[in-house]
Amino acid sequence: MERPSFLGLLLITPALIMIGALFLYPLGFSLAAAFTEPGGGLSLMHFQKAYELYSTDILFTLFIVVVSTLLTGLFSIIIAGILTLSETPWLIVALRNLYRWPLFIPFIVAAQCMRTFLAKNGLMNNSFVALGLMEPIQTTSFLDWRGIIITFVWKQVPFVTLMLAGAMASIDRATIEAGRNLGASRVRVLIELVLPQVAQTLLVGLVLSFVTMLSVLSVPMMVAGSQPTMLTVDMAFRINSYGDYATANALGVISYLMAGTVAWIYLRHNVKREVQA
Amino acid sequence: MSGKSPSSPMSAALDLSGGQPSVPHVSMKSGKVWTFGSTALKIAGLAVFAFLLFGPLANLALWSVAERWYTPFKLPVSYGLRYWEVVFRPTGDAMSSLATSVTIACLTVLVALAVSIPSGYALARLRLPWRTALMILFLLPQAFPSVAIYINVARVFYSIGLSGTITGVVLVHAAHGLVYSVWIAAAAFAAVDRDLELAARNIGASPLRTFFTVTLPLAAPGIMASAIFVFLESLDEFTGTFFVGVPQVTTLPLLLYNASMGGNYQIASITALILLVPSVVFMIVIERFLKADVLSKVGQ
Amino acid sequence: MRNCLMTAGLAAFLMTNAASAQTLNVATAGDQNMVDYVKDYLGPMFEKSHPGVKVVAVGTGPGDGGSQKIFEKLDAQKKAGVNSDFDVVVIHQKAAGTMAQDGLIQKYRDALPTGSLVTRDTATNALGTDVTGYVMPMFHSQTAIAYNPDLVKNPPSTYAELRDWAKQNPKQFGYNGIKGGMSGVAFVTGWVSAFGGDAAKLEKGPYDAATKATWDKAMADLKAFNQSVVITPGNAGTLDMLNRGEIAMGPVWVDMFYTWKADGKLPPNMRLKLVSPGMPGQPMYYAIPAKTAQEKLAAEFVALATSPDVQAEGIVKRFNWYPGIDAKNLEGKLDQAAWNQLFADIPPDALAANGKPFPIGPYFNDILETYEKKVAN
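Residue numbers (our numbering), protein chains in the order written: chain A, 1 to 277; chain B, 1001 to 1300; chain C, 2001 to 2377.
This is chain A alone, in the form it adopts within the complex:
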């Protein structure tokens, strides 16, 4: 190992200080606060309270984020697949120009859009009724867990598709040609030839999406009612109404565990790949 550059360390110090003070310290603080009882010892009492009050919400959060991630993956694969394998040029161009639009729309704007779009009398239901696809009596409000999932998927699909399409564009076209020449359908080529080569990128995108969805406060607050709701809303409620940092931090640790599990799955897959290679 050559001698490390002192100047380099110096240059990187401000960034390190920032991360340390504004991320690592609060992170440690939250872990400590979640596990410390008022007397000063270690205890799980805050987790117990969090479980007593919010066990439904914990499961609800897990359910929503997992389903949203899987749906995001599915739609991204479909769209990226079409972009790579379709043989209709105008379709590719049209799709490419269309899918990116939600990418830079902030979550809060998306939440506001969906709140009026998905309501029982919202634009979506009204359009369906106007087109004759539905009877007015059948309209239902999507402003519950389905609305949250729809919003998340709407927002995250362009992101993951962008990564996937880029990865698919950079794989060797010859493999696709070979598969097609041998008579495989495009769907088969997608699943058996292209996907394994871009699995890495797909996983990164999905893991990032998973963590992002666990961090969003605006969407569950604005789109769904308050029962059941996602953990972020409960944390905000605990802080804003009661100043109850202990329980809020306990909920925070639970959300870390969820993110950590997914990250661990990703790392394990990585290691397996390295070992196989």
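Calculated from the structure, these hints are not laboratory results.
One should not assume that every hint holds.
[As the list claims (entries may be wrong)] Only pairs whose alpha carbons sit at most 20 Å apart, straight line, appear in this in silico SDA-like list of lysine to any residue: (1) Lys2261(C) <-> Val1065(B); (2) Lys49(A) <-> Pro2347(C); (3) Lys1074(B) <-> Pro2268(C); (4) Lys2078(C) <-> Val1156(B); (5) Lys2374(C) <-> Thr139(A); (6) Lys2328(C) <-> Pro2347(C); (7) Lys2373(C) <-> Tyr51(A); (8) Lys1074(B) <-> Leu131(A); (9) Lys2317(C) <-> Pro2347(C); (10) Lys1074(B) <-> Thr139(A); (11) Lys2261(C) <-> Arg1068(B); (12) Lys2078(C) <-> Gly2103(C).
[What the hints assert, rightly or not] Chain A side only, calculated, beta carbon under 10 Å to chain C, not exhaustive: (13) Tyr54; (14) Asn121; (15) Leu143; (16) Met221.
[Stated by the list, open to error] Quick list of the computed label-pair ranges, beta carbon to beta carbon: (17) Thr1132(B) <-> Lys272(A): 37 to 45 Å; (18) Leu1208(B) <-> Lys2296(C): 23 to 31 Å; (19) Leu98(A) <-> Ala1133(B): 35 to 43 Å; (20) Lys2374(C) <-> Glu37(A): 21 to 29 Å.
Heads up, the beta-carbon is just placed ideally off N, CA and C, and yes, glycines get one too.
Could you slot chains B and C onto chain A? The hints should help.
Just chains B and C now, with coordinates in the frame of chain A:
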């Protein structure tokens, strides 16, 4: 959705170039019908896709011009621009929130760049111990659900008096955006051709001069892209500001949230449209700045 | 170029001028209409009578959460020993009680010219805590059940009838639980008063921690009730769903109801009903933090806000609240039509019979916590 595939291995075998719509050569008539049917399917699929994509946005536009709207009417009872006037009046909330948001975003970009340009250069050019670990360290804020972090940051800020101040909010935004700015800066610097720097040094320029006259200008497009990214993230940021900035600092997303929760959908929609403008502009412009070689080096 | 410089100089001059003026910071908990009240009505009025003073209003959010934010801020600044950021605060009853006990707000009512205009219980008693002298009521508000007469031909008159109606008409009733707004909280405490046993004890005390256990059946009923209702995002959420015909009935604040109707955000045919044995109402309080730089100005602001003219014109006429000071002081200031409008759906005798205060502080907290444990989870 790609709803068609070659109807038999033989037609696939005939389809050697792979770039034309594959038409079974069985009969021209059924081939034409097949193509027409699949084209119609594709157009229908695209239409549905466009509806799902733009419908929610169209909704925003509709609400922004609705003045009175109550059940059982499917469309606004009366249209008008009254709420635009409410939003844009000089004493109104929106103008001051917009100013606050833009100020915070600019300051965030300054702080992020000031911190990440040296770091990016160090990561790209200089030998650092535990380089990979450091890169991952900058990724961590994006890897942890951030609400719990913000809660505790807000609490710490309370005790040092930074809660409810613009400084506090800028710090939170900058820390959140560090991963983009450091990673992209490192990639941008790595993409600069070393030979050019060596040439400058050979002619006799000092390292500092080389940096400012050769390296930085060449890395500038990538750094500009990261700056714009950080700007947008700060402009749209809601959760951190919700905990650290309330109640004195009101950014545009907070205004949107308050208006929406208060049932003021017209104001919320207009505010949302204002927030959309920078994002759309950025998307159109991004092609210019983020070149392929910079993108390929991100994450190395 | 010269024009540009001159404009810049003028702007700089104006800015420094504004900065050197006095600023009165008003922090208000509650929905947006509370912030608008100060921003659009009270603030400009005060600035006109006090040239050189600028009124800055910030909202901290609806429900007790908004008051909690103000409490935390005052508490933090008291511990640090500095002047508080806010000169006037508008808070809910629960927070007022805690703040008075912790010495975060000061006594000012006795010295106030309008202090004697209010004799109601609510000026001295905030959910069981004595707050004499610390607060002036800004207004009195009341919750009631709003309903659409086209969809609901025979509105229920009691909680029991409401429960049965919701069972027969699933997903047609909506309220916001206990998060996001006090209208839902009011509904829940009203439910506990109706079905949980001793309503008078909840209102007056004394506090007995064992009472919690007697609410088990009521809470179980509420959980079953929740299966057939819609949970909305907040005060405005309920009103919004009523507006769009997604629910036919829900608890709302009377003032928000009338304001929304006037703004065209509610169909003109919607009506109100105050169900028995009672639904809570609450005052919002003006309070002045213990240590603030603008004590005198703050007191003058509150005096203006509680003067009969402002109460008549601003509170009743413009924003549809019941006045904070005694109603008899408004005689002559308000035309009969505006006064009748306020009592159109809920006549004074119904208000007197079924308009209740919230339970006292400790019971209030117990109800909320039991709800979270037994009903929401």
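Going through the hints against the structure:
1. Lys2261(C) <-> Val1065(B): holds, 19 Å
2. Lys49(A) <-> Pro2347(C): violated, 44 Å
3. Lys1074(B) <-> Pro2268(C): holds, 16 Å
4. Lys2078(C) <-> Val1156(B): holds, 16 Å
5. Lys2374(C) <-> Thr139(A): violated, 32 Å
6. Lys2328(C) <-> Pro2347(C): Given pair Lys2328(C), Pro2347(C) holds - Cα atoms ~16 Å apart, limit 20 Å.
7. Lys2373(C) <-> Tyr51(A): Given pair Lys2373(C), Tyr51(A) holds - Cα atoms ~9 Å apart, limit 20 Å.
8. Lys1074(B) <-> Leu131(A): holds, 13 Å
9. Lys2317(C) <-> Pro2347(C): holds, 17 Å
10. Lys1074(B) <-> Thr139(A): Roughly 13 Å separates the two Cα atoms, so the pair holds.
11. Lys2261(C) <-> Arg1068(B): Measuring from Cα to Cα gives roughly 10 Å; hence the hint holds.
12. Lys2078(C) <-> Gly2103(C): holds, 9 Å
13. Tyr54: Cβ of Tyr54(A) sits 7 Å from chain C, so the hint holds.
14. Asn121: holds, 4 Å
15. Leu143: holds, 8 Å
16. Met221: holds, 7 Å
17. Thr1132(B) <-> Lys272(A): 37 to 45 Å: With a Cβ separation near 20 Å, Thr1132(B) and Lys272(A) fall outside 37 to 45 Å, so the hint is violated.
18. Leu1208(B) <-> Lys2296(C): 23 to 31 Å: Violated, at about 58 Å.
19. Leu98(A) <-> Ala1133(B): 35 to 43 Å: holds, 40 Å
20. Lys2374(C) <-> Glu37(A): 21 to 29 Å: holds, 24 Å
Checked against the numbered hints given earlier, the structure breaks hints 2, 5, 17, 18 and satisfies all the rest.
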